[in-house]
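2 protein chains.
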Amino acid sequence: MSNNKRERRGLMLILSGPSGAGKTALSRLLLSEYKDMELSISSTTRAARPGEVDGEHYHFIDDDTFRAMAKNGDFLEWAAVFGAFYGTPRAAVEIALAQGRDVLFDIDWQGAQQLKQAAASDLVKVFILPPSLGELEARLRKRDQDNDSVIAGRMARARDEINHWGEYHYVIVNGDVEHSMEDLRAILSAERRLRKRQPWLGEFVRNLIQPF
Amino acid sequence: MSNNKRERRGLMLILSGPSGAGKTALSRLLLSEYKDMELSISSTTRAARPGEVDGEHYHFIDDDTFRAMAKNGDFLEWAAVFGAFYGTPRAAVEIALAQGRDVLFDIDWQGAQQLKQAAASDLVKVFILPPSLGELEARLRKRDQDNDSVIAGRMARARDEINHWGEYHYVIVNGDVEHSMEDLRAILSAERRLRKRQPWLGEFVRNLIQPF
Chain U
17 MSNNKRERRG
27 LMLILSGPSG
37 AGKTALSRLL
47 LSEYKDMELS
57 ISSTTRAARP
67 GEVDGEHYHF
77 IDDDTFRAMA
87 KNGDFLEWAA
97 VFGAFYGTPR
107 AAVEIALAQG
117 RDVLFDIDWQ
127 GAQQLKQAAA
137 SDLVKVFILP
147 PSLGELEARL
157 RKRDQDNDSV
167 IAGRMARARD
177 EINHWGEYHY
187 VIVNGDVEHS
197 MEDLRAILSA
207 ERRLRKRQPW
217 LGEFVRNLIQ
227 PF
Chain L
17 MSNNKRERRG
27 LMLILSGPSG
37 AGKTALSRLL
47 LSEYKDMELS
57 ISSTTRAARP
67 GEVDGEHYHF
77 IDDDTFRAMA
87 KNGDFLEWAA
97 VFGAFYGTPR
107 AAVEIALAQG
117 RDVLFDIDWQ
127 GAQQLKQAAA
137 SDLVKVFILP
147 PSLGELEARL
157 RKRDQDNDSV
167 IAGRMARARD
177 EINHWGEYHY
187 VIVNGDVEHS
197 MEDLRAILSA
207 ERRLRKRQPW
217 LGEFVRNLIQ
227 PF
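If you read the sequences in order, they're chains U and L. So the first sequence is numbered by our numbering: it starts at 17 and just counts up by one. So the second sequence is numbered by our numbering: it starts at 17 and just counts up by one.
It is possible that part of the hints are untrue.
Heads up, the list lumps identical chains together, so a pair's fine if it works in one copy or across two of them.
In silico DMTMM-like links for lysine to aspartate or glutamate, alpha-carbon gap of 20 Å or less [stated by the list, open to error]:
1) 158 x 23
2) 21 x 79
3) 212 x 122
4) 212 x 23
5) 21 x 153
6) 158 x 90
7) 158 x 198
8) 51 x 93
9) 39 x 70
10) 212 x 52
11) 51 x 90
12) 87 x 192
13) 39 x 124
14) 212 x 194
15) 21 x 164
16) 21 x 199
17) 212 x 138
These aren't lab readings, by the way, just hints derived from the structure by calculation. Fair warning: this is a prediction, and the values are worked out from it, not measured in the lab.
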């Protein structure tokens with residue numbers, strides 16, 4: 017065998033899907049199982065809510081800093097939501113990918129679409145579906161037991177989100193978490209092996225075919 | 017869970033690489049392990065050689081039949097080599113894919129390039145590399161122990177073939193067959209899960225989001 021260092025390029029794993037489909041639980045399981053995977057942390061100009069930790073839930077930055085970074089192309093994507101800015105810092109992602117670590121994104125279809133413009137070949141886009149809307153509603157009711165109008169709003173948003181399933185490479189119907197994790201393991205296992213994620217191959221082939 | 021039939025679409029698994037890299041051994045292992053995979057059998061106008069069985073090694077057909085099929089678009093790709101025609105019959109492949117079976121192709125880069133024009137989204141292209149050219153030559157010498165000029169010719173063709181590694185989705189350095197089989201299993205496991213190979217998802221999502 018060769019002595020070439022076979023260091024792969026990391027990938028950007030996008031998990032989208034309606035609230036209640038199970039993205040967050042799957043994200044936690046992935047991060048605990050894959051030590052070479054990290055969660056992308058967004059920057060925002062909104063104030064931290066009680067319990068939110070700077071650098072863990074968000075990077076909390078001021079308006080001027082955000083605008084300067086956006087102007088400088090320092091975000092892979094950014095958007096204004098309810099008067100605050102949210103963005104994905106480019107540098108942390110690019111360092112991780114170059115060092116062979118994967119970056120996980122728990123974002124909706126709009127965030128995923130915007131990321132697509134930034135780095136298409138690095139993206140692995142997975143859409144998480146609930147097994148049924150009845151199941152989705154049951155999961156949401158467990159979270160907000162006494163607020164019907166919040167549930168109704170979330171169900172309407174869930175339908176909107178689900179309409180974008182066709183923009184993803186993979187779709188997982190998340191009926192059973194362990195089965196979905198098997199799907200995700202298979203996806204990661206192959207996506208990490210793609211030629212485009214094996215930058216060492218070029219040198220390996222050059223050494224292979226040079227006259228000896 | 018749903019009662020939808022979750023029948024996937026098959027894929028076309030292309031194995032290319034220089035003679036001696038181990039394509040044929042890997043093909044045999046794949047076909048014995050995956051019962052829902054079949055080897056694509058080419059049609060040819062050349063005469064059967066001793067030991068070759070019609071419908072197993074090739075479909076042996078006459079020149080007029082070949083020309084009529086080519087004119088009719090019945091081949092996914094075809095070529096003339098040393099005065100004989102070779103082609104991949106379209107119908108058998110399309111039936112297998114529609115029925116959720118994978119079709120394996122043990123072909124060189126030229127055959128793979130021509131297939132690409134026929135059905136790009138069905139293709140999973142894997143290039144098999146030897147760990148070194150010394151190892152490749154040793155493997156070829158085991159086959160043809162007493163013919164240096166044949167070996168030299170094959171080594172020259174091996175370099176030409178290897179130059180096309182960059183046209184494939186995956187590249188496997190076949191130093192250890194069991195390790196390469198693990199790579200192939202991972203590739204198949206994820207490629208079979210791709211959204212585009214899950215035609216049942218469209219109906220599943222329509223049923224999911226219809227008002228209930």
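Hints the structure violates: just list their numbers, smallest first.
Per hint list: 1, 2, 3, 5, 6, 7, 8, 9, 11, 12, 14 and 15 violated.
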